[in-house]
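J.: So the sequences go chain by chain: A and B.
With the working numbering, the residue at position 240 of the first sequence is 240, and numbering never jumps.
With the working numbering, the residue at position 278 of the second sequence is 278, and numbering never jumps.
It is possible that some hints are incorrect.
[Said to hold, decoys possible] Now the in silico label distances, taken between C-beta atoms and shown as ranges:
| no. | chain 1 | residue 1 | chain 2 | residue 2 | range |
| --- | --- | --- | --- | --- | --- |
| 1 | A | D347 | B | P202 | 20 to 30 Å |
| 2 | B | V392 | A | P2 | 31 to 41 Å |
| 3 | B | P312 | A | A236 | 18 to 28 Å |
| 4 | A | A68 | B | G58 | 44 to 54 Å |
[Said to hold, decoys possible] Heads up, incomplete: computed chain B residues facing chain A, CB under 8 Å, no partners named:
| no. | residue |
| --- | --- |
| 5 | R8 |
| 6 | G34 |
| 7 | L50 |
| 8 | L304 |
| 9 | A310 |
| 10 | D335 |
| 11 | H339 |
| 12 | W352 |
| 13 | Y353 |
What the hints contain is simulated information worked out from the structure, not anything from laboratory work.
Quick caveat, the model's predicted, so the values are computed rather than measured.
Even glycine gets a Cβ: it sits at the ideal position worked out from N, Cα and C.
These are the residues of each chain, in order.
Protein chains: 2
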Amino acid sequence: MPAPTDPRTGLPVVAMVGGGQLARMTHQAAVALGQSLRVLATDPAESAALVAADVRIGDHRDLDALRALAEGATVVTFDHEHVPTEHLRALAAEGVRVAPGAEALVHAQDKLVLRRALAAAGEPQPAWAEVRSTGELAAFAAAHGGWPVVVKTPRGGYDGRGVFVLDEAGQAAELFTASPALLAEERVPLVRELAVLVARSPFGQVAVWPVVETVQRDGINTEVLAPAPGLDDEAAGAAQELAVRIAARVGVVGVMAVELFEVPGGVLVNELAMRPHNSGHWTIEGARTSQFEQHLRAVLDYPLGSTALAAPAVVTANVLGGRASAPDWAGPGIDERVHHLMAHWPDVKLHWYGKGQRPGRKLGHVTALGADLAEVRARAVAAARYLADGEVDPAFAFPPPEEH
Amino acid sequence: MPAPTDPRTGLPVVAMVGGGQLARMTHQAAVALGQSLRVLATDPAESAALVAADVRIGDHRDLDALRALAEGATVVTFDHEHVPTEHLRALAAEGVRVAPGAEALVHAQDKLVLRRALAAAGEPQPAWAEVRSTGELAAFAAAHGGWPVVVKTPRGGYDGRGVFVLDEAGQAAELFTASPALLAEERVPLVRELAVLVARSPFGQVAVWPVVETVQRDGINTEVLAPAPGLDDEAAGAAQELAVRIAARVGVVGVMAVELFEVPGGVLVNELAMRPHNSGHWTIEGARTSQFEQHLRAVLDYPLGSTALAAPAVVTANVLGGRASAPDWAGPGIDERVHHLMAHWPDVKLHWYGKGQRPGRKLGHVTALGADLAEVRARAVAAARYLADGEVDPAFAFPPPEEH
Chain A
1 MPAPTDPRTG LPVVAMVGGG QLARMTHQAA VALGQSLRVL ATDPAESAAL
51 VAADVRIGDH RDLDALRALA EGATVVTFDH EHVPTEHLRA LAAEGVRVAP
101 GAEALVHAQD KLVLRRALAA AGEPQPAWAE VRSTGELAAF AAAHGGWPVV
151 VKTPRGGYDG RGVFVLDEAG QAAELFTASP ALLAEERVPL VRELAVLVAR
201 SPFGQVAVWP VVETVQRDGI NTEVLAPAPG LDDEAAGAAQ ELAVRIAARV
251 GVVGVMAVEL FEVPGGVLVN ELAMRPHNSG HWTIEGARTS QFEQHLRAVL
301 DYPLGSTALA APAVVTANVL GGRASAPDWA GPGIDERVHH LMAHWPDVKL
351 HWYGKGQRPG RKLGHVTALG ADLAEVRARA VAAARYLADG EVDPAFAFPP
401 PEEH
Chain B
1 MPAPTDPRTG LPVVAMVGGG QLARMTHQAA VALGQSLRVL ATDPAESAAL
51 VAADVRIGDH RDLDALRALA EGATVVTFDH EHVPTEHLRA LAAEGVRVAP
101 GAEALVHAQD KLVLRRALAA AGEPQPAWAE VRSTGELAAF AAAHGGWPVV
151 VKTPRGGYDG RGVFVLDEAG QAAELFTASP ALLAEERVPL VRELAVLVAR
201 SPFGQVAVWP VVETVQRDGI NTEVLAPAPG LDDEAAGAAQ ELAVRIAARV
251 GVVGVMAVEL FEVPGGVLVN ELAMRPHNSG HWTIEGARTS QFEQHLRAVL
301 DYPLGSTALA APAVVTANVL GGRASAPDWA GPGIDERVHH LMAHWPDVKL
351 HWYGKGQRPG RKLGHVTALG ADLAEVRARA VAAARYLADG EVDPAFAFPP
401 PEEH
């Protein structure tokens, strides 16, 4: 049976579960390819639902809503990893093309599954164990250099949620009531965090972007520096090869982010995301093919696009809801802040997600490009802080003239 | 009265009259700015109507449809120049912000109005006259070097329509029955055609992109080369200054394309377009700010973005409906052609408009970027021809290895 296409255009229809900013930016990429992304949103005010032409309202945990989304679509894909595995299997059994498939996606949904797969493949990762009691956790700590130990709930965590740094086993008691099995990991001697974005098609073609450095604050990514500064070619190549091996091993279809810990002497795999990812927003302007276009190409089994850099240094800074999102904020509103942003930084690129403003929420991002990483980074960070806090930090406002 | 914004986001709502590919690509740019373009389309299958979230169906000659479009919008702008001037004046009188305004737009709608304005400003243009009879046309020819003479209908022409190269006055007889006044122009010693894209905000800020060369076939633009090869800095600067002067003189708000004839010793103004323009599609990937984002910034009186080049050489090639659009076409369909395009040219960027395929129709464009213009041009042209004709021309398929 040939895959359905849009009868109006003769081109494919990609359906995405989830109406967040990843779906929003995927729709932008779809438009260039002659397509229109179909979106399953839980609310008409969600980020992607505000801008897409084909929006279905429904719950991603409702199999019938997923079936309706898939009707007439070429392939179903995801803006988040929260769709129940049994629903994905049911859709696939009914002939729906689902990308990534359930057996791949589980590696991004369940941290214990990922740890076992990486162990079986002999890939580098922190020392870890599945623990089912405070006693097992204490034994893990004793065997791996003592406390503190990192404890993670296997499912449901993101943006630092579900990750705990514990100083003794008793602190895990409450966690065990919610999750009978936890993932215990050694605390690694972290140099910094890196990420490798890779795309893989059903045909098996793989494309990988340059390795980036990701900077977190309170477990949330705030900056992405592309390419990762100071990473030598050999180390960068090894990290890319690691990501390509994992992509093939888990059989992902679509874009996958491999989050890495850089430690003395190498890298360790932290976790995977199987969708366009915050660490890849820089590719919109900074690479010849954006992660959003590449995700569409991959899930449609189109040939993949060039991942070459479009500038020597690219920095994306996330705009997290800050002072300007507080309920009592009396400073410039978002429209005025956008005015000032544009006046101040005429070559910083804005991506605003149209979501309600709340402190700590990811509201948008900005990307700056140029020749000098320090200068580019200063511009991006200053612009993001201004959008979040409504105030220009003089230390970041203008780079010194000789760097401009 | 403050300008309306979208209550869901606090950001402006731009309403665009016309649902073609210019509106489609403007919507993509709006998404990044936290907005969603409101579109007035005449048919739900129009290019922009397929991808925008807020589509109104109506006729651009219907004042009530325009009023409904403007309701709650921050500003009304255009994807074409066919809205009757009296409707624009009526909207403005009712307090609607219209950009560009009627008094500016008429310079792009009526070629005689433009000629008079340029003459009053002393700007360079071909010798011309308003002629109302074959006798007046013959007199113009006699005074300006004889036949052939270029004759244009003042209104309604585009893509070469409404432009005639006549060998004697009698050939104009039928034209006079449709239009009592015609524009007669000398046939200039054309070296090539150039275009300058400029944006101007109500505040009066102006931004201008590098001058480009436009290549036409049968009066339709087929290639845009950015920056215009072989144009020295002085000539390029003079052309940019000319465009900036005209923008201020006519009071345009938004993006304006100034089409130029290069002749020995300088340039002459051919005509204006007051909207994003085919000669500016290269800016999506090739400039720091695309013409579509800049148009939104300008009509909203946001500060304008950087127009810096993103690569040394950028070429856009239009995909005009070719053999593959013929009713009896039995070769690869569009989805398959897109596959091959991507396999063949992994770094060529596709923009497909989702329109019905007819011979001669503008169906999409491709953009290639790089260091060497000849190589970049060969890639873009080959890709566009493949999409149009479904066949790879061996002469264009692969650039020689040493240029790749």
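J.: With reference to the structure, classify each hint as holding or not holding.
T.: Structure-based check of all given hints:
1. Separated by about 22 Å at the C-beta atoms, D347 (chain A) and P202 (chain B) satisfy the suggested range of 20 to 30 Å.
2. A hinted range of 31 to 41 Å is violated for the C-beta pair V392 (chain B) and P2 (chain A), which are about 24 Å apart.
3. Evaluation of the 18 to 28 Å hint for P312 (chain B) and A236 (chain A) yields a pass: the beta carbon distance comes to about 26 Å.
4. Between A68 (chain A) and G58 (chain B) the beta carbon distance is about 30 Å. The supplied range of 44 to 54 Å is therefore violated.
5. The restraint placing R8 (chain B) at the interface with chain A holds, with a minimum CB-CB distance near 6 Å, inside the 8 Å limit.
6. For the restraint placing G34 (chain B) at the interface with chain A, the shortest Cβ-Cβ distance is roughly 3 Å, inside the 8 Å limit, so the hint holds.
7. For L50 (chain B), the suggested interface contact is upheld, since its CB lies about 5 Å from the closest CB of chain A, less than 8 Å.
8. Interface hint at L304 (chain B): satisfied, since its Cβ lies 7 Å from the closest Cβ of chain A, which is below the 8 Å cut-off.
9. Satisfaction of the interface hint for A310 (chain B) is found here, the shortest Cβ-Cβ separation to chain A being roughly 6 Å, below the 8 Å cut-off.
10. Checking D335 (chain B) against chain A by beta carbon gives a least distance of about 6 Å; that is within 8 Å, so the hint holds.
11. Taken as an interface hint, H339 (chain B) checks out: its beta carbon lies about 6 Å from the nearest beta carbon of chain A, inside 8 Å.
12. Annotation: interface hint on W352 (chain B) holds; nearest CB of chain A at approximately 3 Å, less than 8 Å.
13. The criterion of a C-beta within 8 Å of any C-beta in chain A is met by Y353 (chain B), whose closest approach is roughly 7 Å, and the hint holds.
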